[in-house]
Each structure stands twice: as structure tokens, then as C-alpha cells.
Amino acid sequence: MSRSGAGWIVFVLVVTGGGFTAGAVGLLETFGAPDSRHPFAARVLGDGPSAAYFNPGLLLFQEPGLRLGASAIWQDLDVELQNRPPGVDVTGAIYRARILNPDGSTSRLVFRPLPNDRLRASRGSYGPDSFSLVVQFGANVSLIENRLALGFYSVLPTSAFGGQTTFFPDEREQYFSNSLHFELFEDRLDGSMFCLALAGRPLDWLWLGAGVVMTNVSEVTSSIFVPDAADQETADINTDISINMRFEPHFGVVVEPLEGLLVTGTLHLEARNDVDGTGDIQLWDYPYPEGQDSLDQTFAFSQGYNPLRASLGAAYRGGGGGGLSWAAGASVLWSRWSEYRDRHQQRPADAWSDNWAVSLGSEISWGSQHVALDAIFVPSPVPDQEGRSNYVDNHRLGFGLGWQWRPEFGAGRLTLTAQVQMQHLFDRKVQKSDRAAHPVFDEFPESIEIQTGEVIADSLGFQTNNPGYPGFSSRGWLWAAGLSLAYNY
Amino acid sequence: MGRRPFFSLQLLTGILCLLLSAGGCSQEGVDDIPDGDAGEPDGGGVDGWGDLAPGDDLWPGDWNADVDIPADFSGTYASLQISSHYSDVPMIGDVQYRNVALCRISIAQQGAQLTLDTEICSLESESDTDLVQTVFPDAFLRSLPVIRRPAAVMPAADGYRFFAPRSYEVRGVELADPERDPLPTDPDDPRIQDPDGDNNPGLTVRITGIVDGEVYVIQRTWSVMDGHAPQTGEIQSISGLIAWGDEQVVLGSDNPVLESPREGYIDPVAENSHFDFKRVSAGKSCADIVAERDGLFPP
Chain E
1 MSRSGAGWIV
11 FVLVVTGGGF
21 TAGAVGLLET
31 FGAPDSRHPF
41 AARVLGDGPS
51 AAYFNPGLLL
61 FQEPGLRLGA
71 SAIWQDLDVE
81 LQNRPPGVDV
91 TGAIYRARIL
101 NPDGSTSRLV
111 FRPLPNDRLR
121 ASRGSYGPDS
131 FSLVVQFGAN
141 VSLIENRLAL
151 GFYSVLPTSA
161 FGGQTTFFPD
171 EREQYFSNSL
181 HFELFEDRLD
191 GSMFCLALAG
201 RPLDWLWLGA
211 GVVMTNVSEV
221 TSSIFVPDAA
231 DQETADINTD
241 ISINMRFEPH
251 FGVVVEPLEG
261 LLVTGTLHLE
271 ARNDVDGTGD
281 IQLWDYPYPE
291 GQDSLDQTFA
301 FSQGYNPLRA
311 SLGAAYRGGG
321 GGGLSWAAGA
331 SVLWSRWSEY
341 RDRHQQRPAD
351 AWSDNWAVSL
361 GSEISWGSQH
371 VALDAIFVPS
381 PVPDQEGRSN
391 YVDNHRLGFG
401 LGWQWRPEFG
411 AGRLTLTAQV
421 QMQHLFDRKV
431 QKSDRAAHPV
441 FDEFPESIEI
451 QTGEVIADSL
461 GFQTNNPGYP
471 GFSSRGWLWA
481 AGLSLAYNY
Chain X
1 MGRRPFFSLQ
11 LLTGILCLLL
21 SAGGCSQEGV
31 DDIPDGDAGE
41 PDGGGVDGWG
51 DLAPGDDLWP
61 GDWNADVDIP
71 ADFSGTYASL
81 QISSHYSDVP
91 MIGDVQYRNV
101 ALCRISIAQQ
111 GAQLTLDTEI
121 CSLESESDTD
131 LVQTVFPDAF
141 LRSLPVIRRP
151 AAVMPAADGY
161 RFFAPRSYEV
171 RGVELADPER
181 DPLPTDPDDP
191 RIQDPDGDNN
201 PGLTVRITGI
211 VDGEVYVIQR
221 TWSVMDGHAP
231 QTGEIQSISG
241 LIAWGDEQVV
251 LGSDNPVLES
261 PREGYIDPVA
271 ENSHFDFKRV
281 SAGKSCADIV
291 AERDGLFPP
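In order, the protein sequences belong to chains E and X.
So in my numbering, spot 456 of the first sequence is number 456, and the numbers just go up one at a time.
So in my numbering, spot 298 of the second sequence is number 298, and the numbers just go up one at a time.
Any given hint could turn out to be false.
Under 10 Å between C-beta atoms, here's a sample of chain E residues computed to sit facing chain X [unchecked claim]: (1) PHE111; (2) VAL226; (3) ALA229; (4) GLU454.
The set of hints was computed from the structure by calculation and includes no laboratory data.
All values reported here derive from a predicted model rather than from experimental measurement.
Ideal Cβ placement from N, Cα and C applies to all residues, glycine included.
Please take these sequences and the hints and turn them into a complete structure.
In C-alpha cells form, the structure reads like this:
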């Protein structure tokens, strides 16, 4: 099986289009290992093919075999927007306004908000709740017994193979959903993921592993011709799309300094899927700038950004009398969120912080039965959003309960794993402040009417369509339940 | 600099052609109204007649200053003047603009000779697209002085013929020869003025819509009015056609797109550029005329 298994894994990678997204990395980092009885402690106590992602050093601790699983995921998220004070609405007068400068001169509007009654989505109308199903498939292949192993793990959604829903974290979102979004959830938990890893045991007390997650870099160029600007619904469009595969590496190490004691370490490099594009627009009878024959609208998106992550953990497995055994482990995961790039490949103006997530795992085993209990606490890397940005994120505390049954079956063994988990997003309140480093700004500054030259009364004072103004609160729950079946031999 | 903006030239100058005649121009418009060969410009004399004299070739050949005119043209009129032109608007193509000027006109009469003092009350630009609109700021309007120009009347089959000969006007620039001197293209040229006082050279016109910004222009226009008064006694109304042309230089803009040189032309259908005078009481102000526009000139 070893060689044919390896070849089969490569076949699966090719057939399933392994060069697509790694969107499910966000899912794994949020919900842990969905095929394991230890969702949150998978970096130290992981079982099953998902070790290929969480800690490839643990692959040699797994029995060779195939595992297929499915998980249901429910994001129960809530954002509550504070009521807007009177007088902050942008009125239709903005269409006939020029900014009145301090020296009495006037200038064109720099930022162009829409009048409130022209916003196509009402404030806060977007609902972030979602329910989704994902399937996982993985395999462990022993290449040299107890010395070298190959692992493959994939996550596939049952809906879209991959996807991204971008949004702006500030006042620009008024043109679109006019709502706030949970920055690290929602579409980040969709998509697929393919991971391949190799583990070796050079010394009896040392296991090393390395793997790659497949991501992609896409380039999209749309050539657009608009024959009549008065009929913007008609355009001739050609598109040039290229998708290039990229491999984001990760590493794992397991050391057994004492019998039963495992010390683990992992390192996952930054991973994301980029989409860079250009809209090459030709307008009929248009005065292009010198040297141009079209107008270029560029865009850059990043899907499923995950920062550089490093973990350190330890686990101890103890035996008991009468076939009873137990294990306990803990790990801390450092994530360099300070380098975060959002869905528009932009760094938050108010820098995020690196964070340290703490995971605990424990289990009791008797015969072929295992029961596990995990816990995790993830502090939010997002600072209080007192300024114009509205990155929604919360501290998170979760618990997972796993059960596993491993009866003998034919020449091998079946492994049936069930898992449920819940995570609570602690309530967080945000109040905008004009003392913020990058405060919410006046989108309709004092202006004159373009014909009369008189100051527009509606422009006096402070106006904004920033959907997060004057403040908001957020909270929520994440739920997941999974079932997997493996055949080990 | 020195380029024509993509849509507002005739729009702007057309209006001024109609109302502010007294200068010089180069872009020819529709001119099927007899005005004779271009003679000496009026130059804006005290009574509007300058050196013009009966028989001058600026006037229709059959006009006679000594003819008896048993009608009273003198008085105050509300005037609606419409000039039509097409402009090549980027991304859209030819767009027809109708420049609508509402004016208060005082006419003084001496026999067959008239002197018109025109005060512009409002300026609007109508077009067959909502994508781009041109706005004449009130400061622009306020910068326009009362314009004096000559006109003449003569008996016709069913009333009187009204005729205002070709005259020229330049705006935003002081030229020694308003009719023939080239318009300067350098915004720092000392001859360029700032009539609307906004610290930008020339006159400022504002554009709003899918393209917006300010355009700073100087211009030279001409117009001829040829109409008819159907009554005798105290004249109540005069109506007729306007022939006009223009020349304009864009000195700058706060939106580069608006500086792009574009083509335009006067509506070839002469009947689309016309005027109407309606007598009003002498006490009517510009504000009154604007308020009573729909009654005076039903849509």
C-alpha cells in the first residue's frame, strides 16, 4: 500500500485541483481538527490525517489508513449597531456641493458619500449567521514503518469549492452591504484546503515533519468596452484569468524527553490566496490621459489570510490499571496578526496585535473507547475599533467533546470519531472616539452649493455614513459537530 | 490651456452670445438671418448705437431710420432666449444642449431705432442627458453687467420687423480689438480678468454629474436677432430667431477631463434658437420675472 497509496494521494491532489484555494485553513484554525477527538489540542494530541496540517511530526503516531468525515458548522453571530444621533445623515445636497476651504476657495469633493436615502442597503441589514457542511478526507501512508510516513488531508465544502466575499472595514462599505462583518469568520470559514506532509523519525525520541498547504495566486484582467456611457448596462468584455499554485510550508517537531512525555512545536508560515486584477476599460469617445488608450482599474484581494503561527506544547500519556489510560496536553499558539492584511490586501490603519491562544486537551481511554475534552481560549488580536475601521472580532472561549471507538475490523481496525464543540464570542462594545488615531471623519465637510455659492446647511456639523458610527457591540457562538470514519491497517 | 472643454463651450457662449453682444468671435454658427457683411463693431456705445448710422451694412438693406413707426416699443420686457447647440460629450457622443436665459430688457425708442438694455436674471442649461449638467454659479451671473445693444424696427406686412445686428462680446478678458484679437491662452496673461471674483482666471462654470469640476474660461461671442412684433400701438410681444456663434478658451480646470479639447457645433436647425419678449410693468424686477416665468412663458 505504501507506494500505491502515495501515488493515489498525488492522483487525488491533481484530480481535485489542488491548486485552488486554501480557504479552509481559516476553518481549521478556528474549529480545530474536525476529524479528531481533540479538535483544539490537535497540535499536541492530534489523531488522524489532520495531523498533516496541525503537526506533521505527529503523523508517525497515527496508524496508516484512510479517513472520511463530515462536519456541520453553524456561525451564530450578532452585531448590534448603536442608533445614529440626529444630524449625521448625508443628504442629497452632497450632489451639488463643493468643499469650502479655510481660505475661502472651493474644491471638489474628496470623499464622495451617498445620500442616506440612496444607499442601496439599509444600515446593518446584512446577517452574518451561516450554516455549512464540509467533508474531510485524509490518508496516512507508512513509507518506512515507524520511520517515514506520508500524510494527506483535505477539506471540501459541500457548497462552493472556493469563494470569497470581500467587504470594506470602514465608511466605504456604505456603498455595499452597509453593515459590519466579523473579520475572522464568515467567508474565511468557507472554501477548500489541500495539505500534504511528510514525517520522519531520525532518532527514537525525535519526530520531524514538514508539509505544504496549497494556495493560489490568481491574476484577472478584464478588458471592457463601454460603447455608450448613457447605457452602462451594455458592455463588451473579455477576460484573461490565470491561477498559479503556491505552496505554503509548515513544520512540526515532537520530542519525547521522557517516556510518555511529548513536547511539540509547530511553525506555519503565512498563507493566503491572492487575487490581483485589472479592469482595462475603454470608453467610447473618451479623452484618455496622454499615452493611454484605456483606463485601468486595479484591485487586489486576499482570501483567507493566516499569519505566521508558531506553537509550543506538551502532552503526557499515562497508563492505568485494567486497560485504562489517560492523556493530557497543553499548547500555546502565537500568531503574528500584527502583519494582518484584510480582504483588500490592506493593513489595518490601527495595527493589530500578535496573540497567544491557549489550548488544553485531555482524554481517558479504555479498551477501544476514547473520550476527550478540549478547551481553547483565543484573545482577539483586534484593537478596540474607536476609529473609522470596523474590524469586528471578539475574545473566544471554546470547549470540545470527542468520542472515539476503534473496533477491530477484518485485518485492520475501524475508527469512528464523533465530536461536538462550542465557542463563545465574548460580548464586546465599541464606541467611536474623535481622539482615535484614525477617527471617523466628516464625509460632508462644510460646503457651498455649486450655483448659489451659499453654505449648505446640511453640510454643517458632522456627517458620516460609516456603518459603525457611533458604536457597536458584537457577540456570538460558534457551533460544530462532526463525524468521521476511518479504516486503519 | 487654450483647449476647448468637452461640452460647455457653446453652452456657455451661446447664452452670452444672445445676451451680451458687443465684442468679437471666430466660431461660426447658424447665420441665415440677414445681417449684411460684417461691418464695424458696435463697441458698446453709450446708447448702443455707437458709430452706426442708417444705411450701414450691418443693417438690413431696406431699413430706413426715417420711416414713421406708429408703435411704442419702449418699455420693460421679460425675455426668454433659447440657443441650441450640440457638443461632443466624452463617452456619450453628440448631446443637444438648450441654453435658456431669462432676462429683463428695457427698450428705449427713437423712431425706428431701439436701444436694448439686457439684464440676465437666470441661466439654465437643458440637455437630452442627465449624466452631465452645467451650472452657472450665481457669482457668474452677478459678474455680467447690463448689456446695451442697438436694434431697429421697420414696418412689415402684419406688424413690425425687429432686428438686432451682429454684435460681439468678450467675457473674462480685456481685448483692444474685441472682434479680432486672438483670445489669450495663458492664464497669466495680464489681459485676463476675474469677473466673478473667485480668484480663478476668467469666468468659472461648474459641471456636475458623472464628471464634475470647475472650468475657467474666457470667451467671445456674437449674435443677431431677427424677429417680429405683430401688434401696433403699444407693443406687447416680440419674437424671432437668433443666429449666433462663439469662441472660447479653457484656461484651466480642477478636473483634467474637463480640459480635454472637444468639438461642438451650433444646432443647424435655425428655429431651435429663438427669443420671446413679453411686455411687463416697469416695476418688475429680475426676481419677479424669475418667479413669474411659467406665467409669462408657459412651458
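Taking the hints in turn, this is what the structure says about them:
Checking PHE111 of chain E against chain X: minimum C-beta separation of about 14 Å lies over 10 Å; hint violated. Checking VAL226 of chain E against chain X by beta carbon gives a least distance of about 7 Å; that is within 10 Å, so the hint holds. Taking 10 Å as the C-beta cut-off, the interface hint given for ALA229 of chain E holds, the closest approach to chain X being about 3 Å. Given hint, GLU454 of chain E at the interface with chain X, holds; its Cβ is 8 Å from that chain's nearest Cβ, closer than 10 Å.
When held up to the earlier numbered hints, the structure conflicts with hint 1 and nothing else.
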